[in-house]
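Number of protein chains: 2
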Amino acid sequence: MLENPSRTELSSLGEFGLIEHLKASVELQNESSLKGIGDDAAVIEYKNKAILVSTDMLVEGVHFDLTYVPLKHLGYKAVVVNVSDIYAMNGTPKQITVSIAMSNRFSVEAVEELYSGILLACKNYEVDLVGGDTSASNSGLVISITAIGEAEKEEIVYRSGAKDKDLICVTGDLGGAFMGLQILEREKKIYTENPKLQPDLEGKDYVLERQLKPEARKDIPLLFKTLGIKPTSMIDISDGLASELIHLCKQSETGCNLYEDKIPLDTQTFETARQFNMDPTVCALNGGEDYELLFTVPITDFEKVKNHPDITIIGHMLDNHAGMNLVSRDGTQHPITAQGWDAFFKR
Amino acid sequence: MLENPSRTELSSLGEFGLIEHLKASVELQNESSLKGIGDDAAVIEYKNKAILVSTDMLVEGVHFDLTYVPLKHLGYKAVVVNVSDIYAMNGTPKQITVSIAMSNRFSVEAVEELYSGILLACKNYEVDLVGGDTSASNSGLVISITAIGEAEKEEIVYRSGAKDKDLICVTGDLGGAFMGLQILEREKKIYTENPKLQPDLEGKDYVLERQLKPEARKDIPLLFKTLGIKPTSMIDISDGLASELIHLCKQSETGCNLYEDKIPLDTQTFETARQFNMDPTVCALNGGEDYELLFTVPITDFEKVKNHPDITIIGHMLDNHAGMNLVSRDGTQHPITAQGWDAFFKR
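Read top to bottom, the protein sequences are chains A and B. According to this note's numbering, the first sequence holds residues 1221 to 1567 in order. According to this note's numbering, the second sequence holds residues 1221 to 1567 in order.
For the record, the hints were derived by calculation from the structure and aren't laboratory data. Hints are supplied without guarantee of correctness; some may be wrong.
Identical chains blur together in the list; that is why a pair holds if it fits in one copy or across any two.
Claimed, not checked - Pairs of lysine-lysine, BS3-like flavour, derived with a Cα cap of 27 Å:
| no. | residue 1 | residue 2 |
| --- | --- | --- |
| 1 | Lys1373 | Lys1243 |
| 2 | Lys1450 | Lys1267 |
| 3 | Lys1383 | Lys1243 |
| 4 | Lys1470 | Lys1243 |
| 5 | Lys1292 | Lys1409 |
| 6 | Lys1445 | Lys1267 |
This is chain A alone, in the form it adopts within the complex (with noise of 0.2 Å):
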């Protein structure tokens, strides 16, 4: 992937170069971004709305591996998982800055490949790219990504504010972005063994895309206003279910009831995790990087979402003294712990 044939050097353009040779390719498109790439500091103007703040850091052989995501995919994926957390608050993504450190083993079409994917993300969610840092990096490929974005105070949905009988809902369906990192390290594991083989991933297009290019619930923040809804606590789903659960509860000072039978999972997510051996329950609440919104709203919304495609009824809070449990099929009741993709376990 790296192996361009016209391959330019990054140190050919030099820090300032690069950052130029960008810019050129980046349009503002809000009204709020009043000044982007190019000064001290970018120039943002939110009238009379409140600002919001979210930054992650992706780091490679940690978060990513080159070996098998594009740089494009992964440009768009460190979009999407910052402007996820502005959704999560109710709000408006509405501008990100993106510093990457990488070395020279990185050339300048690599560097393209990977803002293409970054600009790209930004067309689909609206947001400017408006400022950044560019530096040499020894080793890895880091990006760190700040999402700023807008809202209206009373608009805004902490993690706290969920209350007991609230019910417990979530869009879309989860565990297929750990079923579609499986396959990839499956298939990393059989190309290194046989470079000879090509990879399978037949019939494993919906959970590679989950991994590969997942998209921010966008919709969700606007369903919520058509609905007539405001959560009373919501957070995005990159950790897993249960650990994103458990962020809820405790913030919230509640319990809650989790019904194994309502978890939303797609038939490939299923399917693929039999394939593996694995439960895949277990794959929806330890799993990750699913990016869909884990909410609560007042069980007087119940006729509100019940019937809504992409929201599905998981279970309800509890009070805080009746711990946070996970109702099996059999109905049987587990303590819900976290054992969430965690960074520094995981190595």
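Following the hints, complete the assembly by docking chain B onto the known chain A.
Quick look at chain B alone, frame taken from chain A:
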């Protein structure tokens, strides 16, 4: 430095544990910080002000060397570098986010040292740490900071507003940070060759402090108000005077005359340069990391700036066709070229 007798492994806390641990020492001090660490995004409110956003990434082995940079100083400097960009827009920094990638060679105590420097800078610059990310790294330490600040829209100073005949001014003195770096590099080399020798840092306290614990010019935007000045253009000096002046000229579409004999140098900077057989002027022009402010004012402001001890007039802008010139002590003109500190060229 990292061989702390009471060493706690990062893996014993995990990512969430580490965040909880660090969060305990963070207090919000600004009214505009509505919500800090602990949700999907920080929430900020600037009433009727524009938002300034700047971001910088520091990479081990490229921007700093842990052989001689204490972690606390590194944390402090990482914040200074970022808030300096907000002052360079004539704004006031209010919040920062801090993302860190580090390998498990760092202990919890080492991370605490780093954050103690970050939090000390937050206190001194009156900014709140409102969010961030912690991640594992397969190799070196990477610190990515985003600074967010506010300004009255009409008070913001860009790089692009300078006009022919405007006076070029600089705060403080230049080249000190670069000379401090030379001393540290020399002593590292000596120590590597003979670990029994003690470092010889006597009489170098000023230049060492300029390198290890620089300060941003928080006082200058306030001084402008007192003096009744609004600069026509401004930039902070992170890459060296030459490189920054070129930025102002290019973006303002002006030429300039910079007078060598006017460039402010501290005696210690001058003497250290001589000891290293370096030209002190070249050190000031290309050294970087001084975090002083370079700005232009209309010639009609001459009386307001001429006698201030913290401001030196070092030249004036010219018509775009006049070129960018260094006028040396003997009156000859040399074109100014950027040989600033460029991470890609250093490699």
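Reference check for the pair Lys1383 and Lys1243, CA-CA at most 27 Å: within, between, both, or neither? Answer is between; shortest inter-copy Cα gap is 25 Å, intra-copy 47 Å.
Treating 27 Å as the Cα threshold, decide for Lys1445 and Lys1267: within, between, both or neither. Classified as both: same-chain Cα gap 20 Å, cross-chain 25 Å, threshold 27 Å.
Checking an output row: Lys1470 and Lys1243, CA cutoff 27 Å. Within, between, both or neither? Answer is between; shortest inter-copy Cα gap is 15 Å, intra-copy 43 Å.
Treating 27 Å as the Cα threshold, decide for Lys1450 and Lys1267: within, between, both or neither. Both. Shortest intra-copy (22 Å) and inter-copy (24 Å) distances satisfy the 27 Å Cα cut-off.
At most 27 Å between alpha carbons: which applies to Lys1292 and Lys1409, within, between, both or neither? This pair counts as within: shortest intra-copy Cα distance 23 Å, inter-copy 42 Å.
Within, between, both or neither, where Lys1373 and Lys1243 count as close if Cα-Cα is 27 Å or less: between (33 Å within a copy, 24 Å between copies)
The structure fails none of the hints (numbered hints given earlier).
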